Every structure is written in C-alpha cells, then in structure tokens.
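Novice: Each chain, written out:
Number of protein chains: 2
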Amino acid sequence: MASRTSSPLVHPDERELDLFVIMSALADPIRLSIVVTLGVHTEVPCGTFELPVAKSALSRHFRILRESGLIRQRDAGTRRVNALRREELGRRFPGLLDLVLKEGAGREVAVAGAD
Amino acid sequence: MASRTSSPLVHPDERELDLFVIMSALADPIRLSIVVTLGVHTEVPCGTFELPVAKSALSRHFRILRESGLIRQRDAGTRRVNALRREELGRRFPGLLDLVLKEGAGREVAVAGAD
Numbered sequence: 003m004a005s006r007t008s009s010p011l012v013h014p015d016e017r018e019l020d021l022f023v024i025m026s027a028l029a030d031p032i033r034l035s036i037v038v039t040l041g042v043h044t045e046v047p048c049g050t051f052e053l054p055v056a057k058s059a060l061s062r063h064f065r066i067l068r069e070s071g072l073i074r075q076r077d078a079g080t081r082r083v084n085a086l087r088r089e090e091l092g093r094r095f096p097g098l099l100d101l102v103l104k105e106g107a108g109r110e111v112a113v114a115g116a117d
Numbered sequence: 003m004a005s006r007t008s009s010p011l012v013h014p015d016e017r018e019l020d021l022f023v024i025m026s027a028l029a030d031p032i033r034l035s036i037v038v039t040l041g042v043h044t045e046v047p048c049g050t051f052e053l054p055v056a057k058s059a060l061s062r063h064f065r066i067l068r069e070s071g072l073i074r075q076r077d078a079g080t081r082r083v084n085a086l087r088r089e090e091l092g093r094r095f096p097g098l099l100d101l102v103l104k105e106g107a108g109r110e111v112a113v114a115g116a117d
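If you're matching them up, the sequences are chains Z and E in order.
Heads up: the first sequence at position 48 corresponds to 50 in my numbering, and the numbers run straight through without jumps.
Heads up: the second sequence at position 29 corresponds to 31 in my numbering, and the numbers run straight through without jumps.
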C-alpha cells in the first residue's frame with residue numbers, strides 16, 4: 003500500500019489522543035478486527051489481513067485507525083506495516099486497550115504469511 | 003416522555019453488555035453529553051436536559067443509550083428519569099466509565115431545575 007507518491011504518514015501526538023475519537027474508530031467491526039488482530043501479531047503489513055473489504059475501503063480504515071492514534075504505520079520497502087500504539091495508549095487511557103483486546107477476542111482475522 | 007401507551011422499557015442484562023455497542027453509543031456527541039451530565043447529576047428526567055435537539059431525536063438518543071446498557075430509565079409519573087448503570091458497568095468493564103467521565107469532563111449540559 004506504500005508508494006513513492008504517498009503523503010507523509012501523520013500520527014497524532016500522545017497528548018492529542020482523544021478517547022471518543024478512539025471509540026468512534028473502534029465502533030466499526032472491520033477496524034475492530036484489525037485492532038484485535040494487531041493484539042495477536044506484532045507488526046502486520048496492510049495487504050496481508052484477510053478481510054472481505056476492497057483495497058480502497060481498507061486503506062480508509064487504516065487511515066482512520068492511524069489518525070485516531072490506535073495504530074502506528076511505517077513504510078518498509080513496498081509494504082506499509084501496522085502496529086498498535088500500546089505504550090502511548092496505556093499511558094493516556096490506562097486499561098482501555100486491555101479491555102478492548104479482551105472483549106474483542108475471537109474477532110481476529112487470518113494474516114497471510116503469518117505463523 | 004413517559005406515556006400510558008409506551009412499550010415496556012427493555013434493559014440489557016449485565017451479562018449481555020457489549021463493549022463495542024457501548025463505544026458506538028458514546029461516539030455520538032449528544033449521547034456523550036447526556037452520559038457526562040448523568041455523571042454529575044444522579045437522576046435526570048429526559049425533558050430537562052438543555053440540548054439543541056428535537057424531542058424525537060432526543061428520544062432516539064435515550065433509547066440507544068438504554069439499549070447499550072449505559073443508562074437505566076424508569077417512569078416516575080409523567081416523567082421518564084435516567085441514571086447511569088454505574089455498578090453493572092463497573093463490574094463488566096472496570097475503569098471504563100471513570101475514563102469516559104474523566105475524558106468527557108466539560109461536555110456536561112445544563113439541566114432545567116437542577117441546583
């Protein structure tokens with residue numbers, strides 16, 4: 003999903019994280035599945051999540067997750083790789099991510115090429 | 003808002019509460035204001051929240067909050083009174099309501115007739 007023409011990946015600062023923007027991001031079942039999957043696998047490229055969604059819709063979901071502060075994205079070669087912002091979320095909203103991963107258990111999706 | 007023709011007020015059981023239904027309910031700014039206001043006032047009749055919303059839309063917001071399990075509603079004479087389900091929410095999702103009330107501070111609305 004990364005490309006030479008991509009605009010820079012903007013991530014909100016830890017102090018800017020907004021609980022209600024995060025809740026809004028998690029209110030979508032596809033985005034929740036992505037977050038729960040990232041709770042199991044550490045770093046996952048965008049294209050490897052086995053989700054029943056078109057690539058353009060998936061890009062939008064990843065952008066919403068990144069802009070909410072739930073995930074950090076970085077470009078590694080031709081791939082865009084995703085990870086949860088565990089430490090920052092834990093400092094700003096103690097217990098929230100644990101609760102989300104616990105209550106969301108079972109909503110993980112398969113990841114192509116994962117163990 | 004209560005009336006003799008109202009259907010019974012259905013509340014989800016504590017075991018049925020769903021974190022993501024709750025987050026979805028809180029993703030709306032009007033509903034968030036209602037919840038944060040109920041964090042300050044114990045029991046508030048529907049019609050007394052000073053919100054810039056038509057009565058029918060307000061009824062819908064209260065219904066969504068009740069069906070998510072965030073609030074309990076009861077009819078007292080001609081009024082429908084609302085309260086947070088603090089104990090049940092605290093048992094099911096420890097820390098969540100405290101986080102919501104803390105992060106939502108400042109989003110309270112005035113309540114007609116309140117001190």
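Keep in mind that the hints were calculated from the coordinates and are not lab data.
Treat the hints loosely; a few may be bogus.
One-sided excerpt, in silico: chain Z residues whose CB lies under 10 Å from chain E [as the list claims (entries may be wrong)]:
hint: 1; residue: D20
hint: 2; residue: I24
hint: 3; residue: S26
hint: 4; residue: D30
hint: 5; residue: I32
hint: 6; residue: P47
hint: 7; residue: C48
hint: 8; residue: R88
hint: 9; residue: G92
hint: 10; residue: P96
hint: 11; residue: L101
hint: 12; residue: E105
hint: 13; residue: G108
Since this is a predicted model, take the numbers as computed values, not measurements.
Ideal Cβ positions, reconstructed from N, Cα and C, are used throughout, including at glycine.
Novice: Hint by hint, note whether the structure agrees.
Specialist: Taking the hints in turn, this is what the structure says about them:
1. D20: holds, 8 Å
2. I24: holds, 8 Å
3. S26: It holds, given that the least Cβ distance between S26 of chain Z and chain E is near 4 Å, below 10 Å.
4. D30: holds, 9 Å
5. I32: violated, 12 Å
6. P47: violated, 25 Å
7. C48: This hint is violated: C48 of chain Z lies away from chain E, its Cβ roughly 22 Å from the closest one there, beyond 10 Å.
8. R88: violated, 17 Å
9. G92: violated, 12 Å
10. P96: holds, 7 Å
11. L101: Hint holds; L101 of chain Z Cβ to chain E Cβ min 6 Å, cut 10 Å.
12. E105: Where the cut-off is 10 Å and the nearest Cβ of chain E is about 4 Å from E105 of chain Z, the hint holds.
13. G108: violated, 12 Å
When the structure is compared with the earlier hints, violations turn up for hints 5, 6, 7, 8, 9, 13 and for no others.
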